[in-house]
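Engineer: Chain residues, written in single-letter form:
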Amino acid sequence: MADNLIEFTPKGMYCAQGDFYIDPWRAVERALITHAHGDHARYGHKYYLSHHDSIPIMKARLGFNLYDGVAYGETRVINGVKVSFHPAGHIIGSAQIRLEYKGQVWVASGDYKTEFDGISPAFETVKCHVFITESTFGLPVYNWNPQQEIFDDMNAWWQHNKERGIATVIMAYSLGKAQRILHNIDKGIGPVYLHGAIHNMNQAIRSSGYDLPNFPKVDASMKKEHFRQALIIAPPGATGTSWFKRFLPYSVGVASGWMAVRGTKHRQAADKGFALSDHADWPGLNAAIKATGAEKVIVTHGYTAVFSKWLCENGYDSRTVETQFVGEGPDISEEETDTPENIEIQDLGLEEKNIQE
Amino acid sequence: MKHFARLFYELDQTNKTNEKVDVLVKYFKSVTDEDIMHMLALFTGRRPKRVVNATLLRTWAAEKAGIPLWLLEESYSAVGDFSETVALLLPNPKTESNKPLAYWVQYVMSLASKTEEERKQAIFQAWEQLNKQERFVFNKITSSTFRVGVSQALVIRALSVHSGIPGNVLAHRLMGKWDPITISYHDLLGTENPKDDLSKPYPFCLAHPLEEAVDSLGSPEAWQAEWKWDGIRSQIIMRNGHIFIWSRGEELVTEKFPELEALKGYLPNGTVIDGEILPFQDGKILSFNVLQTRIGRKNLSPKILKEAPVVLFAYDLLEWEGQDIREKPLQERQLLLAELVKQANANPWLQLSPKLDFDTWDELTQKRLQAREHISEGLMLKRKDSGYQVGRKRGDWWKWKIDPLSIDAVMIYAMKGSGRRANLYTDYTFGVWKGAELVSFAKAYSGLTDKEIIEVDKWVRKNSLEKFGPVVTVKPELVFEIGFEGIQKSSRHKSGVALRFPRMLRWRTDKTIQDADSIETLQGILNVYENS
Numbered sequence: 001m002a003d004n005l006i007e008f009t010p011k012g013m014y015c016a017q018g019d020f021y022i023d024p025w026r027a028v029e030r031a032l033i034t035h036a037h038g039d040h041a042r043y044g045h046k047y048y049l050s051h052h053d054s055i056p057i058m059k060a061r062l063g064f065n066l067y068d069g070v071a072y073g074e075t076r077v078i079n080g081v082k083v084s085f086h087p088a089g090h091i092i093g094s095a096q097i098r099l100e101y102k103g104q105v106w107v108a109s110g111d112y113k114t115e116f117d118g119i120s121p122a123f124e125t126v127k128c129h130v131f132i133t134e135s136t137f138g139l140p141v142y143n144w145n146p147q148q149e150i151f152d153d154m155n156a157w158w159q160h161n162k163e164r165g166i167a168t169v170i171m172a173y174s175l176g177k178a179q180r181i182l183h184n185i186d187k188g189i190g191p192v193y194l195h196g197a198i199h200n201m202n203q204a205i206r207s208s209g210y211d212l213p214n215f216p217k218v219d220a221s222m223k224k225e226h227f228r229q230a231l232i233i234a235p236p237g238a239t240g241t242s243w244f245k246r247f248l249p250y251s252v253g254v255a256s257g258w259m260a261v262r263g264t265k266h267r268q269a270a271d272k273g274f275a276l277s278d279h280a281d282w283p284g285l286n287a288a289i290k291a292t293g294a295e296k297v298i299v300t301h302g303y304t305a306v307f308s309k310w311l312c313e314n315g316y317d318s319r320t321v322e323t324q325f326v327g328e329g330p331d332i333s334e335e336e337t338d339t340p341e342n343i344e345i346q347d348l349g350l351e352e353k354n355i356q357e
Numbered sequence: 001m002k003h004f005a006r007l008f009y010e011l012d013q014t015n016k017t018n019e020k021v022d023v024l025v026k027y028f029k030s031v032t033d034e035d036i037m038h039m040l041a042l043f044t045g046r047r048p049k050r051v052v053n054a055t056l057l058r059t060w061a062a063e064k065a066g067i068p069l070w071l072l073e074e075s076y077s078a079v080g081d082f083s084e085t086v087a088l089l090l091p092n093p094k095t096e097s098n099k100p101l102a103y104w105v106q107y108v109m110s111l112a113s114k115t116e117e118e119r120k121q122a123i124f125q126a127w128e129q130l131n132k133q134e135r136f137v138f139n140k141i142t143s144s145t146f147r148v149g150v151s152q153a154l155v156i157r158a159l160s161v162h163s164g165i166p167g168n169v170l171a172h173r174l175m176g177k178w179d180p181i182t183i184s185y186h187d188l189l190g191t192e193n194p195k196d197d198l199s200k201p202y203p204f205c206l207a208h209p210l211e212e213a214v215d216s217l218g219s220p221e222a223w224q225a226e227w228k229w230d231g232i233r234s235q236i237i238m239r240n241g242h243i244f245i246w247s248r249g250e251e252l253v254t255e256k257f258p259e260l261e262a263l264k265g266y267l268p269n270g271t272v273i274d275g276e277i278l279p280f281q282d283g284k285i286l287s288f289n290v291l292q293t294r295i296g297r298k299n300l301s302p303k304i305l306k307e308a309p310v311v312l313f314a315y316d317l318l319e320w321e322g323q324d325i326r327e328k329p330l331q332e333r334q335l336l337l338a339e340l341v342k343q344a345n346a347n348p349w350l351q352l353s354p355k356l357d358f359d360t361w362d363e364l365t366q367k368r369l370q371a372r373e374h375i376s377e378g379l380m381l382k383r384k385d386s387g388y389q390v391g392r393k394r395g396d397w398w399k400w401k402i403d404p405l406s407i408d409a410v411m412i413y414a415m416k417g418s419g420r421r422a423n424l425y426t427d428y429t430f431g432v433w434k435g436a437e438l439v440s441f442a443k444a445y446s447g448l449t450d451k452e453i454i455e456v457d458k459w460v461r462k463n464s465l466e467k468f469g470p471v472v473t474v475k476p477e478l479v480f481e482i483g484f485e486g487i488q489k490s491s492r493h494k495s496g497v498a499l500r501f502p503r504m505l506r507w508r509t510d511k512t513i514q515d516a517d518s519i520e521t522l523q524g525i526l527n528v529y530e531n532s
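Heads up: the sequence lines are chains P and W, in that order.
First residue of the first sequence? That's 1 in our numbering, and the numbers climb one at a time after it.
First residue of the second sequence? That's 1 in our numbering, and the numbers climb one at a time after it.
There may be inaccurate statements among the hints.
Said to hold, decoys possible - With a straight-line Cα cutoff of 20 Å, these simulated EDC-like cross-link-like pairs (lysine to aspartate or glutamate) come out: (1) Lys82/P <-> Glu149/P; (2) Lys265/P <-> Glu10/W; (3) Lys265/P <-> Asp12/W; (4) Lys162/P <-> Asp22/W; (5) Lys265/P <-> Asp457/W; (6) Lys26/W <-> Glu10/W; (7) Lys303/W <-> Glu259/W; (8) Lys132/W <-> Glu149/P; (9) Lys265/P <-> Glu259/W.
Everything labelled a hint here was simulated from the structure, so no lab data went into it.
Required output: the full structure, derived from the provided sequences and hints.
Structural biologist: Spelled out as structure tokens, the structure:
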């Protein structure tokens, strides 16, 4: 086992030397957390170690636990294993976790994207011997357009809707995508309103010092006319609810990497699809892996078998491992992170009780 | 091509009819008449012939993208559309092209006379200057798979807004055989007396299914009833001594029915009949299965013609003595048709489709129950004073089909669909009991709602047992009511029968697999069907 700094156990990725887990899916004593999405940061561990910025988010979602935070690049030694966190570019607070023991370096990257999104700290290459990668979009058909083009398109769509007097609603995960959109959209076009889940999430993130615009949440007292020129950001689970119907007439857009493919776009009850993802595309995955210098690559979630085979054909020693990570689900109502119900459990104890009618 | 790619993309982005019309009109206003002609050809199924086969295109795309072929196949199975897969995985273009659609269609057509290597280079060059959206439609044109989710009626509506020509006139002018290379916009659509080619058919009048109670139609005297036949709905045209036969899918099928060419000795010039081609022998209509044996064949041997002879059952007369009489009331057209068929005396190739006598709706309801014995699908009801309309209009024509045959069956295999169903298990194989074993007897992929499809897909993912290529076997648990229109013996299915138009009528969540039907039930239906 000495060769394997990380083993894959029924509870999750385990470092025997350090006696800790990374993003475990069952309750453990000590968990290192790459980022605060629900499939990586779960309930029930005794100690959580993550980047500082993940802590307010985990508090909001998982309640009060024993959290410990580190800065990017800061080193901790746990039972002789040197542990450090490095930006993964996925969402705020997301990190690749680097482990070093007796000259062996492993990196568990969690979820990552290589393009800088303007708000999450930019992805950094970490040299290693073994790289553990996702492959959510591990097929060559996934090539993201530059972020600016996507937001130009989104701005134009909002403008067009506004001119027609209909509301613009974007479905986006409440953690990650929502903040990315808020940061990058042209806020001069019209008013912006948020679903309660996103509003709460923003409060948590703001407490880490991020400068997020403070837009109001949709309120039961608001009249339909409020929304005619507005952009409303809501999590995917909110579609089809009575909460949603108040925006009628509206145009709905979905922001997800899966929107790059017509078939998946058509399956969503949406008017507009934006291929905007917080995961690396095909060139991103390949470039990131190459830059690590790793010889061995373990593929955890996504198009694992296909991507691993491709890596093997390109000279890597690669294998796949079954995990319970979800990534960005093609059925966007089954997202990686947040159903409004999940968030409702730990509603920060703030004023709003009724996030989803 | 930018406008055309944009058009395709924008149509794809909306399912609202008015927005589609707006998008189409905007397109018509922004391109040349020549481009409009090419667009109309593509949108009405007049695709240029395929110049590169799919296998070659795949190999070239993989080479250009720098990936192995297996990875392209994996990508295809996630995307569900070959042209789209290729468009997505090629590297970004180096330059851009402002050439119009007409240029690119002719570019593709010119490949036909080139060597394989020249074709490859030409396609690489095209890929290097077209963006993702443009490449997608280019690939569709090259592989002759261009299809669009916009009905011809909608295109005509938009074109009518653009040109000011009434929709029904446009519908007629767009029918038949024309080629955007040889005819101009003006000559096809813009002149009072278009240089019609002799074969030009009229747009078919289609019926809506009758969903209300039949007595909601009012007085029975106002209606004509006839059997709805299960054959090939056709228009037979006699002009200048030539016979042309068009199928409802706007395909010229004259050569498929050489025996009907004999009608040119019987019908006067300037005649167009709407009717149904049916397999017919010794004064009896045969099952559609018989016709199926000759439809797909290139070479119709004397043996086949003898085994599956056909007749035209005439429903309606659209052109008489060279005049378009579609606006005359149905009963007047019927009189002219009856007289024409009588005069022609063209047995055994031409007959009047019989009308049913009835005084009350109850009487007709009883007659409808005998449809299956007549090898008919049910009844057609047409208002006697109605004109022959363009397309599917509500009110004057109704189809009143009999309920389908049905059987409860167990899902045993599932396969992922394509297109918008890519990556979802949507195509299922069903089994019925043969002793203690479930034997497959039918495949079906339609009839479920989108919501049900997603639910079944999730279930399949959790309950798949083994994988054979794209097919998985599933735990026998889900029961569906399968509806079908006919049944015949088959050596291809383990069950020994094959169904016509199988589809899922209902997901029987109330039933367990023990409640599913057995092979004996199917055999019973087969016996009844064969004896009728």
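Engineer: Look at each hint and say if it fits the structure.
Structural biologist: Now the hints, each set against the structure:
no.	hint	result
1	Lys82/P <-> Glu149/P	violated (41 Å)
2	Lys265/P <-> Glu10/W	holds (13 Å)
3	Lys265/P <-> Asp12/W	holds (10 Å)
4	Lys162/P <-> Asp22/W	holds (18 Å)
5	Lys265/P <-> Asp457/W	holds (17 Å)
6	Lys26/W <-> Glu10/W	holds (11 Å)
7	Lys303/W <-> Glu259/W	holds (13 Å)
8	Lys132/W <-> Glu149/P	holds (14 Å)
9	Lys265/P <-> Glu259/W	violated (49 Å)
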